[in-house]
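With these hints in hand, go ahead and build the complete structure from the sequences.
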Amino acid sequence: MGDSSATDDATSLSWAQQWIEQQRALLEQAAQADAAHAGSKQAGSEQVNGLGSQWVDLGKAYLAGLMQMAQGLGAGPAAGGAGPRPPEEMLEAWKAAWSNAMSQATAPGGWQELLNRTPPLGLFREQTEAWRAVAAARADMERLEQELAAVMRRVQSEALVLLEERVKARAGGDNPVQGFRELYDLWVQCSEQVFSTVAHSAAYAHLQGELGNASMRLRARMQKVIEQGLKQFDLPTRSELNSVHQQLRLLKQKVAALDQKGAAAGHGPAESRPPPVSRKQASTSRPASAGTKRKSSAAARPARKRSR
Amino acid sequence: MSTPGFDSKQLVREINDFNERLARGMTALAQTGEIRIGSAEKEAVYSEDKLVLYRYRPIVELPEKQRVRTPLVICYALVNRPYMMDLQQDRSLIRGLLQRGLDVYLIDWGYPDGADRYLGMDDYVLGYLPNCIDRVIELTGSPQVNLLGVCQGGTLSLCYAALFPQKLKNLITMVTPVDFRTPENLLTKWTEHVDLDALAATTGNMPGELLNALFLGLMPFRLTSQKYVDLLDHIDDPRALENFLRMEKWIFDSPDQPGEMFRQFMTWMVKENRLAAGTLELRGRRVDLHDVSMPVFNIYATQDHLVPPSASVPLEKLAGTRDYSSYAFPGGHIGIYVSGSAQKEVPTRIVEWLRKRDG
Numbered sequence: 001m002g003d004s005s006a007t008d009d010a011t012s013l014s015w016a017q018q019w020i021e022q023q024r025a026l027l028e029q030a031a032q033a034d035a036a037h038a039g040s041k042q043a044g045s046e047q048v049n050g051l052g053s054q055w056v057d058l059g060k061a062y063l064a065g066l067m068q069m070a071q072g073l074g075a076g077p078a079a080g081g082a083g084p085r086p087p088e089e090m091l092e093a094w095k096a097a098w099s100n101a102m103s104q105a106t107a108p109g110g111w112q113e114l115l116n117r118t119p120p121l122g123l124f125r126e127q128t129e130a131w132r133a134v135a136a137a138r139a140d141m142e143r144l145e146q147e148l149a150a151v152m153r154r155v156q157s158e159a160l161v162l163l164e165e166r167v168k169a170r171a172g173g174d175n176p177v178q179g180f181r182e183l184y185d186l187w188v189q190c191s192e193q194v195f196s197t198v199a200h201s202a203a204y205a206h207l208q209g210e211l212g213n214a215s216m217r218l219r220a221r222m223q224k225v226i227e228q229g230l231k232q233f234d235l236p237t238r239s240e241l242n243s244v245h246q247q248l249r250l251l252k253q254k255v256a257a258l259d260q261k262g263a264a265a266g267h268g269p270a271e272s273r274p275p276p277v278s279r280k281q282a283s284t285s286r287p288a289s290a291g292t293k294r295k296s297s298a299a300a301r302p303a304r305k306r307s308r
Numbered sequence: 001m002s003t004p005g006f007d008s009k010q011l012v013r014e015i016n017d018f019n020e021r022l023a024r025g026m027t028a029l030a031q032t033g034e035i036r037i038g039s040a041e042k043e044a045v046y047s048e049d050k051l052v053l054y055r056y057r058p059i060v061e062l063p064e065k066q067r068v069r070t071p072l073v074i075c076y077a078l079v080n081r082p083y084m085m086d087l088q089q090d091r092s093l094i095r096g097l098l099q100r101g102l103d104v105y106l107i108d109w110g111y112p113d114g115a116d117r118y119l120g121m122d123d124y125v126l127g128y129l130p131n132c133i134d135r136v137i138e139l140t141g142s143p144q145v146n147l148l149g150v151c152q153g154g155t156l157s158l159c160y161a162a163l164f165p166q167k168l169k170n171l172i173t174m175v176t177p178v179d180f181r182t183p184e185n186l187l188t189k190w191t192e193h194v195d196l197d198a199l200a201a202t203t204g205n206m207p208g209e210l211l212n213a214l215f216l217g218l219m220p221f222r223l224t225s226q227k228y229v230d231l232l233d234h235i236d237d238p239r240a241l242e243n244f245l246r247m248e249k250w251i252f253d254s255p256d257q258p259g260e261m262f263r264q265f266m267t268w269m270v271k272e273n274r275l276a277a278g279t280l281e282l283r284g285r286r287v288d289l290h291d292v293s294m295p296v297f298n299i300y301a302t303q304d305h306l307v308p309p310s311a312s313v314p315l316e317k318l319a320g321t322r323d324y325s326s327y328a329f330p331g332g333h334i335g336i337y338v339s340g341s342a343q344k345e346v347p348t349r350i351v352e353w354l355r356k357r358d359g
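First to last, the sequence lines map onto chains A and B.
Take the first sequence: its position 57, counting from 1, is numbered 57 in this note's numbering, and each next residue is one higher.
Take the second sequence: its position 292, counting from 1, is numbered 292 in this note's numbering, and each next residue is one higher.
Hints should not be assumed to be uniformly reliable.
Stated by the list, open to error - Mimicking DSSO-like on lysine-lysine, the simulated pairs with C-alpha atoms at most 27 Å apart in a straight line are:
{"id": "1", "chain 1": "B", "residue 1": "K50", "chain 2": "B", "residue 2": "K189"}
{"id": "2", "chain 1": "B", "residue 1": "K227", "chain 2": "A", "residue 2": "K252"}
{"id": "3", "chain 1": "B", "residue 1": "K344", "chain 2": "B", "residue 2": "K227"}
{"id": "4", "chain 1": "B", "residue 1": "K271", "chain 2": "B", "residue 2": "K344"}
{"id": "5", "chain 1": "B", "residue 1": "K65", "chain 2": "B", "residue 2": "K344"}
{"id": "6", "chain 1": "A", "residue 1": "K261", "chain 2": "B", "residue 2": "K271"}
{"id": "7", "chain 1": "B", "residue 1": "K249", "chain 2": "B", "residue 2": "K50"}
{"id": "8", "chain 1": "B", "residue 1": "K227", "chain 2": "B", "residue 2": "K249"}
{"id": "9", "chain 1": "B", "residue 1": "K65", "chain 2": "B", "residue 2": "K189"}
{"id": "10", "chain 1": "B", "residue 1": "K167", "chain 2": "B", "residue 2": "K65"}
{"id": "11", "chain 1": "A", "residue 1": "K168", "chain 2": "B", "residue 2": "K344"}
{"id": "12", "chain 1": "B", "residue 1": "K317", "chain 2": "B", "residue 2": "K356"}
{"id": "13", "chain 1": "B", "residue 1": "K50", "chain 2": "A", "residue 2": "K252"}
{"id": "14", "chain 1": "B", "residue 1": "K344", "chain 2": "B", "residue 2": "K356"}
{"id": "15", "chain 1": "A", "residue 1": "K60", "chain 2": "A", "residue 2": "K95"}
{"id": "16", "chain 1": "B", "residue 1": "K9", "chain 2": "A", "residue 2": "K168"}
{"id": "17", "chain 1": "B", "residue 1": "K317", "chain 2": "B", "residue 2": "K65"}
{"id": "18", "chain 1": "B", "residue 1": "K167", "chain 2": "B", "residue 2": "K9"}
{"id": "19", "chain 1": "B", "residue 1": "K167", "chain 2": "A", "residue 2": "K261"}
{"id": "20", "chain 1": "A", "residue 1": "K254", "chain 2": "B", "residue 2": "K317"}
{"id": "21", "chain 1": "A", "residue 1": "K254", "chain 2": "B", "residue 2": "K167"}
{"id": "22", "chain 1": "B", "residue 1": "K317", "chain 2": "B", "residue 2": "K189"}
{"id": "23", "chain 1": "B", "residue 1": "K189", "chain 2": "B", "residue 2": "K227"}
{"id": "24", "chain 1": "B", "residue 1": "K249", "chain 2": "B", "residue 2": "K344"}
To be verified - Beta-carbon label-pair distances, calculated as ranges:
{"id": "25", "chain 1": "B", "residue 1": "K271", "chain 2": "A", "residue 2": "V198", "range": "19 to 25 Å"}
{"id": "26", "chain 1": "A", "residue 1": "A31", "chain 2": "B", "residue 2": "Y111", "range": "25 to 31 Å"}
{"id": "27", "chain 1": "A", "residue 1": "D34", "chain 2": "B", "residue 2": "A277", "range": "40 to 46 Å"}
{"id": "28", "chain 1": "B", "residue 1": "S326", "chain 2": "A", "residue 2": "Q17", "range": "20 to 26 Å"}
{"id": "29", "chain 1": "A", "residue 1": "S196", "chain 2": "B", "residue 2": "S326", "range": "22 to 28 Å"}
{"id": "30", "chain 1": "A", "residue 1": "L251", "chain 2": "B", "residue 2": "K271", "range": "46 to 52 Å"}
{"id": "31", "chain 1": "B", "residue 1": "L216", "chain 2": "A", "residue 2": "G172", "range": "32 to 38 Å"}
{"id": "32", "chain 1": "A", "residue 1": "E142", "chain 2": "B", "residue 2": "L245", "range": "32 to 38 Å"}
{"id": "33", "chain 1": "A", "residue 1": "S157", "chain 2": "B", "residue 2": "Q31", "range": "38 to 44 Å"}
{"id": "34", "chain 1": "A", "residue 1": "L251", "chain 2": "B", "residue 2": "Q31", "range": "48 to 54 Å"}
{"id": "35", "chain 1": "B", "residue 1": "T279", "chain 2": "A", "residue 2": "V244", "range": "28 to 34 Å"}
{"id": "36", "chain 1": "A", "residue 1": "L251", "chain 2": "B", "residue 2": "P207", "range": "48 to 54 Å"}
{"id": "37", "chain 1": "A", "residue 1": "W94", "chain 2": "B", "residue 2": "K271", "range": "54 to 60 Å"}
Unchecked claim - Reference listing, derived: stretches of chain B covered by chain A, where coverage requires no fewer than 3 residues with Cβ under 8 Å from a Cβ of chain A:
{"id": "38", "stretch": "177 to 190"}
{"id": "39", "stretch": "194 to 207"}
{"id": "40", "stretch": "349 to 357"}
It should be emphasised that the hints constitute simulated quantities derived from the structure, not laboratory data.
Remember, predicted model here, so these are calculated numbers, not experimental data.
All C-beta atoms, glycine included, are put in the ideal place defined by N, C-alpha and C.
Here's what the structure looks like:
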């Protein structure tokens, strides 16, 4: 009998262990997928760098051509031996000036970095700057999203360790895990336990806050770009609406204050005026249905409106 | 030591059973149709901007002695919809109060939109709420009202009670945060590093969906996964399924929060804890909880993960009243309204407490 129980325990442990290993494999796949995603972004940035490098190569070829031309001029009779050689000196100066920039540009990721740091110029200066700000904010947010995803993977990974311990402890006692549902419930319990510890930590709160702020930055920068577009078509923007709403609120407060003053002076408060009554306001509501905000039936008693 | 035998066929059976339930679940869900919400009849007695003040129709005729003469106004939170107070016939705090002879009014804040984004706490505490209470006083002829504040609505009610104590006969707070800086308060911790000014500036109103995501994030495995797996256990019970869907509707029917109100509430109350510190000012008027002089009944839930008891309990020391009572309900933030035990326990305690203070 004892042997049979031991076998049962072992079997119970092995299928649960298999499930845990499957979850680990899935977590590993998720981590790899994230890494691949980051890699594809890197590839995009390499494309930009590739384009930049082509420009650098073109520039180098152009300078080499100029150099050849200058050497040809320098070898001619007008050059006359040891005198000044302006074209060559000029080209040397150009070359020195550009080689520094190009060496930066040809470093890994350098061209994009160089472009990002170069202030936009010309007719579309403002638009370029706004779009660049969007790109930078997006990159920042995605970086933080990946950090958060890594934290959540860590939570899940630690939860699996805890789950493994509990499954073993129960298999060793008189309460082995009997089925998938039980295992799943135990997994949720372990996951929430590990997550709770992480969620209460200062580091997690900081990361959450940073991610929230980064997403707000991205949103604000996108709003700027969109508002630029709306203005092109003479359409109202959120900023304009905000301005109107602020003015409206101030006006309402002023009206309410005037009402109160009037009431205090005995000119009759706003409340004593006949209230505007609509069917919607003066309704008797019966139990509503999901999907409807509010249902009304026939008027029973007039509702009143009042200004504040 | 005897060990329960392990049957590998059981696993197969379990998987098959799960699949069958899943298939039946799909059919059952497709057949549920429209879910009805609310049970008690009510009528609108006042409206202002998006808010509507309702009076619930009495459902019993009680002898004068057993009635609570002072009307009760329920001030719900801006988060989620107030129909949680009257979700269905057998899950309704309001119905429980009506059955015990209370005259019940409820403030429904509505669904704020872009035009409401600059509404501040002062608009609620010094505008909307006083107007509703004045209207009830005017309608009933009662010189005072009883005020029941729920969650964030409780916090607003405390501010009102401190500023207009003469208007309130009694104050009841339910799952109401007062001290926002206690160690158990996870939402406070998560808010710590958030730039709330930028949040309000870029989102305008705080989207309800964003708040929902935040609430789900407090217990992500339980609330986004296990809850739905558990549903399969009741998939053959149409009533249980309907109850589940009704709750689901309530949970995700989240109005947006007026941006400025949200910014002020989160900054002043949550981050700076001004209510507990006694440093809150609205339009130049200091909100001092020592001025809450009427009897106070503070009801909180022992397993509340949104408003932990440690956030509610400090009211006893902070409020100026000499008549303070509390009730620790054994359940969670939602269970206090919808659980079976809450249906009898909570309204009974409220009405008994009010009856003793209705003279």
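Outcome of the hint check:
1. About 32 Å separates the Cα atoms of B:K50 and B:K189, which puts this hinted pair outside 27 Å; it is violated.
2. The suggested pairing of B:K227 with A:K252 is violated, with an alpha-carbon distance near 46 Å, which exceeds 27 Å.
3. Between the alpha carbons of B:K344 and B:K227 the distance comes to roughly 26 Å, so the proposed pair stays at or under 27 Å and holds.
4. Of the supplied pair hints, the one linking B:K271 and B:K344 is violated, its CA atoms being roughly 36 Å apart against a limit of 27 Å.
5. For the proposed pair B:K65 and B:K344, the alpha carbon gap of about 21 Å is at most 27 Å, so the pair holds.
6. Proximity of A:K261 to B:K271 is assessed by CA-CA distance (about 36 Å); at most 27 Å being required, the pair is judged violated.
7. Note on B:K249 and B:K50: the hinted pairing holds, with a Cα-Cα distance of about 21 Å set against a maximum of 27 Å.
8. Using a Cα cut-off of 27 Å, the hinted pair B:K227 and B:K249 holds, with the two alpha carbons roughly 14 Å apart.
9. A C-alpha spacing of about 49 Å is found between B:K65 and B:K189, which places the hinted pair above 27 Å, so the restraint is violated.
10. For the given pair, B:K167 sits about 23 Å from B:K65 by alpha-carbon distance, which is consistent with the 27 Å threshold.
11. Among the hinted pairs, A:K168 with B:K344 is inconsistent with the structure: their alpha-carbon atoms are about 43 Å apart, more than 27 Å.
12. For the given pair, B:K317 sits about 22 Å from B:K356 by alpha-carbon distance, which is consistent with the 27 Å threshold.
13. A hinted pair counts as satisfied when its Cα atoms are at most 27 Å apart, and B:K50 with A:K252 qualifies at roughly 15 Å.
14. As the CA atoms of B:K344 and B:K356 are separated by approximately 19 Å, the hinted pair is consistent with the 27 Å bound.
15. For the suggested pair A:K60 and A:K95, the alpha carbons sit about 9 Å apart, so the restraint of at most 27 Å is met.
16. A distance of roughly 21 Å separates the Cα atoms of B:K9 and A:K168; the hinted pair therefore holds under the 27 Å criterion.
17. Proximity of B:K317 to B:K65 is assessed by CA-CA distance (about 33 Å); at most 27 Å being required, the pair is judged violated.
18. Using a Cα cut-off of 27 Å, the hinted pair B:K167 and B:K9 is violated, with the two alpha carbons roughly 69 Å apart.
19. With a C-alpha separation of about 21 Å, the suggested pair B:K167 and A:K261 falls inside the 27 Å cut-off, and the hint holds.
20. The hinted pair formed by A:K254 and B:K317 fails the criterion: a straight-line CA distance of about 38 Å is larger than 27 Å.
21. Between A:K254 and B:K167, the direct Cα distance comes to roughly 25 Å. Compliance with the 27 Å bound is thereby established for this hinted pair.
22. Under the criterion of a C-alpha separation no larger than 27 Å, the hint pairing B:K317 with B:K189 is consistent with the structure, at around 24 Å.
23. Distance check on the hinted pair: B:K189 and B:K227 sit about 25 Å apart at the alpha-carbon level, within 27 Å; holds.
24. The suggested pairing of B:K249 with B:K344 holds, with an alpha-carbon distance near 24 Å, which does not exceed 27 Å.
25. In this structure the hint that B:K271 and A:V198 lie 19 to 25 Å apart at CB holds, the actual value being about 22 Å.
26. Checked against the hint of 25 to 31 Å, the C-beta distance between A:A31 and B:Y111 comes to roughly 41 Å, which is inconsistent with it.
27. Distance hint for A:D34 and B:A277: a CB-CB separation of about 43 Å, consistent with the stated range 40 to 46 Å.
28. In this structure, B:S326 and A:Q17 break the distance hint of 20 to 26 Å, their C-beta atoms being roughly 49 Å apart.
29. Taking the beta carbon of each, A:S196 and B:S326 are about 26 Å apart, inside 22 to 28 Å as hinted.
30. At roughly 31 Å, the beta-carbon separation of A:L251 and B:K271 lies outside the given 46 to 52 Å, and the hint is violated.
31. Between B:L216 and A:G172 the beta carbons are some 36 Å apart, a value that agrees with the proposed interval 32 to 38 Å.
32. Restraint check, A:E142 to B:L245: a C-beta distance of roughly 36 Å satisfies the suggested window 32 to 38 Å.
33. Between A:S157 and B:Q31 the beta carbons are some 41 Å apart, a value that agrees with the proposed interval 38 to 44 Å.
34. A hinted range of 48 to 54 Å holds for the C-beta pair A:L251 and B:Q31, which are about 52 Å apart.
35. Separation of B:T279 from A:V244 is about 33 Å and conforms to the stated range, judged on CB atoms against 28 to 34 Å.
36. Between A:L251 and B:P207 the C-beta distance comes to about 27 Å, which lies outside the given range of 48 to 54 Å.
37. At about 57 Å, the CB distance of A:W94 to B:K271 agrees with the hint of 54 to 60 Å.
38. For the stretch 177 to 190 of chain B, the stated coverage by chain A holds: 3 residues have a C-beta nearer than 8 Å to a C-beta of that chain, and at least 3 were required.
39. Coverage of a stretch by a chain is defined here by at least three residues with a beta carbon nearer than 8 Å to that chain's beta carbons; for the stretch 194 to 207 of chain B and chain A the count is 8, and the condition holds.
40. A stretch counts as covered by a chain when three or more of its residues have a beta carbon under 8 Å from one of that chain; for the stretch 349 to 357 of chain B and chain A the count is 0, and the coverage is violated.
Checked against the numbered hints listed earlier, the structure breaks hints 1, 2, 4, 6, 9, 11, 17, 18, 20, 26, 28, 30, 36 and 40; every other hint is satisfied.
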